[in-house]
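Chemist: Sequence:
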Amino acid sequence: MIGRLKGELIEKLPPQLVIDVQGVGYEVEASMNTFYQLPEVGSGVTLFTHFVVREDAQLLYGFYDREERSLFRTLIKANGVGPKLAITILSGISTAEFVRCVNDGDTASLIKLPGVGKKTAERLIVEMKDKIKALGLEISSEFQLSAADGPDMASFEPVNDARQEAESALIALGYKPVQATKVVEQVFKSLGSAATSEELIRHSLKSMVG
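Residue numbers (my numbering): 970 to 1179.
It cannot be assumed that every hint is accurate.
27 Å max Cα-Cα, derived DSSO-like pairs, lysine-lysine [unchecked claim]:
#1 Lys1088 / Lys1053
#2 Lys1151 / Lys981
#3 Lys1081 / Lys1158
#4 Lys1175 / Lys1088
#5 Lys1145 / Lys1087
#6 Lys1046 / Lys1088
#7 Lys1158 / Lys1145
#8 Lys1087 / Lys1053
#9 Lys1145 / Lys1175
#10 Lys1102 / Lys1087
#11 Lys1175 / Lys1053
#12 Lys1081 / Lys1053
#13 Lys1046 / Lys1081
#14 Lys1053 / Lys1098
#15 Lys1175 / Lys1087
#16 Lys1151 / Lys1087
#17 Lys1046 / Lys1102
#18 Lys1088 / Lys1145
#19 Lys1046 / Lys1098
#20 Lys1100 / Lys1087
#21 Lys1053 / Lys981
#22 Lys1158 / Lys1175
Honestly, the hints are just simulated from the structure, not real lab data.
From just these sequences and the hints, can you work out the full model?
Modeler: Have a look at this one:
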């Protein structure tokens, strides 16, 4: 089991990244909540990880803190939830917001996430309520995907294909191509041409799940 990686962040292409650890490049898939907290490419980074072995692949998932990894591990034990859907859930809402949804029985917020229908949302609330208490996760008064949260996005270098990267990230998270293109275009017009892919993704997700 690979439980933690510490090395140099050498590539960021949401929702995937690559970390160089003593000359070995580890491909990692992370939630967007983790991406928002990553440093610039070339910087040192430490992520808590979860290793998944399948017949056709070996996959490594990375998290900025232990709380998000704990919730991920609990989510994939729920009926009908695999790693991909768990990452999608943790990209659309923060750990604290998910806890709130479960405690309040808020299915309306959960079904806005791709891959989460009404039955899945209801099942998650039932199955996760006691498990969340066991994890000791608490509700925060702040929503991690709000515009004021996360790092100063001005520190990221603008890229010419920011819209394309943002659309690709949303599609990888399970959103339909037409939906991803539409919301990214709307956010791009609002933020302006200097917007980075991280900004476009963050505001697009907030727009769709808010």
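Chemist: Indicate, hint by hint, whether the structure satisfies it.
Modeler: Here's how the hints hold up against the structure:
1. Between Lys1088 and Lys1053 the CA atoms are separated by roughly 18 Å; this keeps the pair inside 27 Å, and the hint holds.
2. Note on Lys1151 and Lys981: the hinted pairing holds, with a Cα-Cα distance of about 23 Å set against a maximum of 27 Å.
3. Simply put, Lys1081 and Lys1158 have alpha-carbon atoms about 23 Å apart, close enough for the 27 Å limit, and the pair holds.
4. Proximity of Lys1175 to Lys1088 is assessed by CA-CA distance (about 23 Å); at most 27 Å being required, the pair is judged to hold.
5. At most 27 Å may separate the alpha-carbon atoms for a hinted pair to count; Lys1145 and Lys1087 meet this at roughly 18 Å.
6. Only pairs whose Cα atoms come within 27 Å are accepted, and Lys1046 paired with Lys1088 is accepted, the gap being roughly 17 Å.
7. Note on Lys1158 and Lys1145: the hinted pairing holds, with a Cα-Cα distance of about 20 Å set against a maximum of 27 Å.
8. Only pairs whose Cα atoms come within 27 Å are accepted, and Lys1087 paired with Lys1053 is accepted, the gap being roughly 18 Å.
9. The suggested pairing of Lys1145 with Lys1175 holds, with an alpha-carbon distance near 16 Å, which does not exceed 27 Å.
10. A hinted pair counts as satisfied when its Cα atoms are at most 27 Å apart, and Lys1102 with Lys1087 qualifies at roughly 23 Å.
11. With a CA separation close to 19 Å, the supplied pair Lys1175 and Lys1053 stays within the 27 Å bound.
12. Among the hinted pairs, Lys1081 with Lys1053 is consistent with the structure: their alpha-carbon atoms are about 16 Å apart, no more than 27 Å.
13. Restraint check for Lys1046 and Lys1081: the C-alpha separation of about 21 Å stays at or below 27 Å, so the hint holds.
14. For the hint linking Lys1053 to Lys1098, the alpha-carbon distance of about 21 Å falls within 27 Å, and the restraint holds.
15. Distance hint between Lys1175 and Lys1087 is fulfilled; the C-alpha atoms sit about 20 Å from each other, no more than 27 Å.
16. Distance restraint check for Lys1151 and Lys1087: the Cα-Cα separation of roughly 24 Å lies within the 27 Å cut-off, and the hinted pair is therefore satisfied.
17. Of the supplied pair hints, the one linking Lys1046 and Lys1102 holds, its CA atoms being roughly 15 Å apart against a limit of 27 Å.
18. The hinted pair formed by Lys1088 and Lys1145 meets the criterion: a straight-line CA distance of about 20 Å does not exceed 27 Å.
19. Note on Lys1046 and Lys1098: the hinted pairing holds, with a Cα-Cα distance of about 13 Å set against a maximum of 27 Å.
20. Taking the CA atoms of Lys1100 and Lys1087, the gap is about 20 Å. The hint holds against a cut of 27 Å.
21. At roughly 18 Å between alpha-carbon atoms, Lys1053 and Lys981 fall within 27 Å of each other, so this suggested pair holds.
22. A threshold of 27 Å between alpha carbons decides the hint, and for Lys1158 with Lys1175 the separation of about 16 Å falls inside it, so the pair holds.
This entry satisfies every hint, going by the numbered hints stated previously.
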